[in-house]
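Peer 1: Letter by letter, the chains look like this.
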Amino acid sequence: MSDSAEVLTTRSSGSQPARDGAHKAPSRADRPGRARADWRQRLEILILAGPAIIVFLTFVIFPVFMAAYYGFFKWKGFGVPTNFVGLQNYITIFTDQNFLDALKHNAFIVVLSLIMQGPAAIAFALLLNQNIRGRSVIRVLIFVPYVISEVIVGTGWGLMLQYQGAVNTLLSNMGLGALKGDWIADPNIAIWTLMVIISWKYIGFAVILMLAGIQGIPDELYEAAAIDGASYWQIQRWITLPLLGPTIRVWAFLSVIGSMQLFDLVYIIWGQYVASTAGTSTMATYMVREGRLAGNYGYGNAVGVAIFVISLVIALTYQRFVLRRDTDGALTGDSGKKHK
Amino acid sequence: MQRKVKGSALVALGASVALVLTGCSGAPAAPATSSGPVTMTFWHNSTTGDGLQYWKDTVAAFEKANPNVTINIQAIQNEDMDGKLQTALNSGDGPTIFMARGGGKLADVVAADKVMDITSQISSDVKTSYGDAIFSAFTVDGKIYGMPTSVLPGGIYYSKDLFKQAGITSTPTTFDELNADITKLKAAGITAIALGGKDAWPAAHWYYFFALRDCSKDAMNTAAAKKDFSDPCWTKAGEDLKAFSSTSPFNTGFLTTSAQQGAGSSAGMLANHKAAMELMGAWDPGVIASLTPDTKALPDLGWFAFPAVSGGSGDPSAMMGGSDGFACAKNAPAACVQFLNFIASKANQEGYAKAFQTLPASRDAQSGVTDPALKDVLTAYNKASYVMLWLDTMYGQNVGNALNGGVVNMLAGKGSPADIVTAVKTAAAKG
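Chains A and B are the protein sequences, given in the same order.
So that you can map any letter, position 310 of the first sequence is 310 in our numbering, and since no number is skipped, the others follow by simple counting.
So that you can map any letter, position 337 of the second sequence is 337 in our numbering, and since no number is skipped, the others follow by simple counting.
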């Protein structure tokens, strides 16, 4: 208790001297002042947090509960749902091969994203941390795809990768006609095409994170290692990588969440129906197809709840077992002290 | 400390809710009176070219004749229309006048009580010039809910020049002849059939047409009424399509080809002589025209009916098609039906047919059709023993969705004909 009180006092750093005084020597004379301060504080919280809380409750929490409610009905989306079917929708979801396929694709994308983007991003970050010519240009070029909207990326790649598209034309003009493929429609390569596009699109974000992480590592450590005679690779292995750990873990978390929710790229490139045939459907595209396009809004809501629960379990597990050591100091004052 | 924060958060919440509520109640809803100014919203699906202009002009003409009426037009891309419309109607903030395609899709809207019964309000002039049959697609339980603007029977559109180039002298009437023609086209280095598989419904149309030839009229109507697809003709239609697609008649990469967007789409391939045929509805000449290099009608465009299938129980003269039309929201003002009667007049129907290069619903206006391909369609349409609705329209969104997916899967080699029927049955469990 005293620990956290100390933390609080240091954090408020003298901006409220009256309050500090009250803490040290409570007396009747200070009461009115303290009450006014409390009231002011409440007003401040009300004004600053109120709108955000309203928006959060209205557009995040409320829809989650509504989805859970609609998920128990067969409902065409008109009026109030009346046809209660209990858990039937959920049983249908987990026995529908199309959903299980989509889940499998999501898992594939999660794992492949980590494997493909992680090491490449760290390598790029190390490279861009050197004093090389044109460094800022390369940084911009790597980050540009991340800034472009998904719809534009999807439309562009979708057009280029069609059988009669630019990629195949380029290949045959280069005399590599044998390599031509139906990049989007062939179920054997479609998901790899998707992985390449995803990596191209999102690696900039990972690189920027890693760069920031590397630049946060104190120079003294490198100097000390250099004096001790460590080689460049030894320094990266024993200093950069371990100290980059928190950044890598946060990036991996964001990447996993993004992969679970992947929708726009797939929907734009493969359209409303071909994704599941080509083997690139995700849980989100399944939800739109079976819920919105089919007009089965009750079922669609149930799919939404299933996706929510799956994502939540993964996120909480990751928080509990991986992110915990990074967030320990930040979120829990007492144990944070101990680590220091 | 913890409790205090919670308390103030609640206060904040309460205060903000109060603010929001008073904000809402401050704006009174505009009363809708018949004499005062009337504002209506109007959703259609023509986002480009003459069609877009036609609706602008027609609405302007209507507003001029009825000065107290204002109509806000919103053009919505065709592939987005059904989903957006459903969301909007359900939110209670839907359009006053909206596009309707009849059949099961309309029946869903009727069941939800979102659309106006216009049976008694259709003007006698319109009734005479339209005839009764055309309204059947928009009739649910004996009541009419929509005003058709076009008849859109389907069939195969083809390039006469490319057929000539391949040495084909007459259009095929049976599948054996069609297969022979495809072989000739391929030998001449021409892509035989363009297919917009990315949008799925063009692929599903191939299945529908095989079903039209394989299934009797009764079998199709039973399926519509009871959602019962157990008649073996449904599987036979799938087998016929599979056998046909195994000869690779479609353009390479048809699964990722869209139907109507850009020169690379199936309609665009026809418009640029990159493919010889396409199975489509009567809107196709208009779509193709918008995609030719000079955006004018394709001069050598021809049409023939879907060929007969051996061993099928369907009548070879039967046609399949839809009707585009418009409906009024449940609580629409009287001006809404006035507008529907207005667009159904002979002059406006002729304008419609010209702008969209399609067949008007009004029989009076049909005499004005000059496009040779459309004339052929019209002749076949008037001779047809019966006309079925597009199956996805007739059987509703849910079954249509399942058919779309099932057919695309089969064409990609991932499913069997029986899987299509299974997919339709599974769909019943979801809605």
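Source of the hints: derived by calculation from the structure; they are not laboratory data.
Among the clues, some could well be false.
Only pairs whose alpha carbons sit at most 27 Å apart, straight line, appear in this in silico DSS-like list of lysine-lysine [unchecked claim]:
hint, chain 1, residue 1, chain 2, residue 2
1, B, K346, B, K375
2, B, K227, A, K74
3, B, K164, B, K186
4, A, K104, B, K143
Footprint (simulated), chain A over chain B, 3 or more residues, beta carbon under 8 Å [unchecked claim]:
hint, stretch
5, 77 to 87
6, 407 to 419
From the three backbone atoms N, C-alpha and C, an ideal C-beta is built for every residue, glycine too.
Peer 1: Checked against the structure, which of the hints given earlier come out wrong?
Peer 2: Failing hint: just 4.
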